[in-house]
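**Student:** Protein sequences, first through last, are from chains A and B.
Numbering follows our numbering, with no gaps: position 39 of the first sequence is 39.
Throughout, our numbering is defined as the position within the second sequence, counted from one, plus 126.
Keep in mind the hints are simulated off the structure, nothing from the lab.
Note that this is a predicted model, so its numbers are computed, not measured.
You may find that some hints are simply not true.
[Stated by the list, open to error] Beta-carbon label-pair distances, calculated as ranges:
1. A/L121 <-> B/P249: 54 to 64 angstroms
2. A/I95 <-> B/T464: 51 to 61 angstroms
3. A/R37 <-> B/P249: 48 to 58 angstroms
4. B/A338 <-> A/E94: 56 to 66 angstroms
Each residue gets a CB set at the ideal place from its N, CA and C atoms; glycine is no exception.
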Amino acid sequence: MISRRKLAEHAAERLVKGDSTASVLNELAAYLLDARRTGEAELVIRAVEDSLLSRGVALATVTSARSLTADAKDAVEQLIRREYSDVKSVLLREIIDPSVLAGMKVSLAGAQLDVTAKTKLEKLGV
Amino acid sequence: MAELAVKELSSELQAAIAGLSKTEGLESAGVVIRVGDGVAWVHGLSQAGYSEVLEIDTKAGVVEAFALNLMEDEIGAVILGDDSQVAAGNTVRLKGVVLEVPVGEELLGRVVNPLGVAIDGGPAIKTKQTGKVEREAIGVLGRKHVHEPLMTGIMAIDSMFPIGRGQRELIIGDRQTGKTAIAIDTMINQARQKTGVVNIYVAIGQKLSKVARLVERLKQEGVMEQTIVVATGPADPASMLYLAPYAGTAMGEYFRDKGEHALMIYDDLTKHAVAYRQMSLLLRRPPGREAFPGDVFYLHSRLLERSAKLADDLGAGSLTALPIIETQAGDISAYIPTNVISITDGQIFMETDLFYQGIRPAISAGLSVSRVGGDAQTKAVKSVSGHLKLGLSQFRELASFAQFGSDLDEATKAQIDRGQRLTELLKQPQYQPMSIWEQVASIVAVDSGSFDKVPVAKIKDAQAALLTKLWTDHKKDMQDLNKGSEKIEKDSKAAALIEKTAKTAAKGFEA
Chain A
1 MISRRKLAEH AAERLVKGDS TASVLNELAA YLLDARRTGE AELVIRAVED
51 SLLSRGVALA TVTSARSLTA DAKDAVEQLI RREYSDVKSV LLREIIDPSV
101 LAGMKVSLAG AQLDVTAKTK LEKLGV
Chain B
127 MAELAVKELS SELQAAIAGL SKTEGLESAG VVIRVGDGVA WVHGLSQAGY
177 SEVLEIDTKA GVVEAFALNL MEDEIGAVIL GDDSQVAAGN TVRLKGVVLE
227 VPVGEELLGR VVNPLGVAID GGPAIKTKQT GKVEREAIGV LGRKHVHEPL
277 MTGIMAIDSM FPIGRGQREL IIGDRQTGKT AIAIDTMINQ ARQKTGVVNI
327 YVAIGQKLSK VARLVERLKQ EGVMEQTIVV ATGPADPASM LYLAPYAGTA
377 MGEYFRDKGE HALMIYDDLT KHAVAYRQMS LLLRRPPGRE AFPGDVFYLH
427 SRLLERSAKL ADDLGAGSLT ALPIIETQAG DISAYIPTNV ISITDGQIFM
477 ETDLFYQGIR PAISAGLSVS RVGGDAQTKA VKSVSGHLKL GLSQFRELAS
527 FAQFGSDLDE ATKAQIDRGQ RLTELLKQPQ YQPMSIWEQV ASIVAVDSGS
577 FDKVPVAKIK DAQAALLTKL WTDHKKDMQD LNKGSEKIEK DSKAAALIEK
627 TAKTAAKGFE A
């Protein structure tokens, strides 16, 4: 059985080389279906994000109560570049979730920054 | 007053906010991919170290776990506590520390769980220090040979299988043969003789009613003030049972490293191995003999190696271990018993047959041994008990001939007679540990032949009479004898005094 890490390494390598995302994902999907491992799809994607990060491509998801301003996006990008000095490009995906109240949650492969008001209040036991 | 309360609240809030702001920044995070039977499988956290603590964010708050399986794609972590709140998709963070428990004098007199949380209904325990649950044992140069006695107060042990401070002496036997009783008596003796040794009793999967009874008894005997009880019951998760002896040892090491002396009792390591087997199988590690994992020897060797007598430049403290192993039908050649026998510095083997013959403590003279205790035995006891073990073993061999009575030659008959009296003398009720002078006087009395005419059934009465007489008439001499530093030669003043008093005491019981 091929480990998720090896699958992810292969996929990330191809994506970085410039192969189309659709063809890489199609191949992955075919393999997972054939190997009856479709349940691992989400984990494989996480592993691919991991591998991409080690190749200088950071895919980050930002969850906030309302859409981010250009300044905020810039700040997030700066933060990621500061934490990972070898990152060449940062791709942000935005999710609007009013339940976080305020602030934002930045998630990328294997790391996160949760500075939402909701989490802070929970941590304070409110 | 109200103003003060508001100020306190305000400062607490400020502190909480300061604590939160410290954590700001990208931190490693993983996700729970599946969970069950106290084990969580985590994706991500590739920087996690072995035995590192993970924090799982659940709806009901943070649940801790520790990483035991570091694999290519995932981490197998054992959950500390209730796993019902942990669900797939929960975020997992690294705590950045290996597991630690509170250690210190504050724990004395308390009953705690393996995480150091009080479970005796008393106030929360706040200690100044913490100790690592998994810690490397002291190296060769940090150790010294075992040379100070750790008196158990049980005559059969102190005379034939002496235990020294820093020694690991296994107590092994079937169920209901008095293994725990020996451990409890040893703890009680530390308080009675005011040795200053701190007791740490680790109950691994023991019935909590039994632990409660034990704690009650220790309180009655006044031992609880110098005792820590680390308790886990059969209803606790396997991870807690696995951690209990390591956590207890961390608490003991605090006293050892301070130059004091501590006694660890692991009751029992059979259940510990079973808990580890459960964890290992759930973590999908390959099973080996009796389905135990391959590292079950290391599980116990790394635990017991932490018991040691420290060198003088490290404070000369000690940590003595009395692990307990339960055998099935007296089979000491099973997997776990042989492992622990080979790790420890000797064993006290309890025999079911002896127990039901009324010989209690039911210690087998032939199968028990103390490999390093000889140097630690008090001079007084050593000088009078050198031949006891051999004599008793020979007697048990000959005992089967005893039924032939008159057909035996005089020498054999004498050996059987002496053996019967010695066996009777070594019987000792529970919770009545004996001091050094009592042990020496009893052995000298039988050895000198003073009790030869006393019927076997009345030996204990004669012994009691002798000890009472010695204490009332020769208190000063007995107090000196109790120091144990003098050898008792056959023609010495002390031996003559005991012999003379024994002969007088025996007269009232002779047939």
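**Student:** Take the hints in turn and mark each one as holding or not.
**Tutor:** Hints and how they fare:
In this structure the hint that A/L121 and B/P249 lie 54 to 64 angstroms apart at CB is violated, the actual value being about 29 angstroms. Between A/I95 and B/T464 the Cβ separation comes to about 59 angstroms, which falls inside the hinted range of 51 to 61 angstroms. The supplied range of 48 to 58 angstroms is met by A/R37 and B/P249, whose beta-carbon atoms lie about 52 angstroms from each other. Taking 56 to 66 angstroms as the suggested C-beta distance range, the pair B/A338 and A/E94 conforms, at roughly 58 angstroms.
Hint 1 from the list above is the single one not met by this structure.
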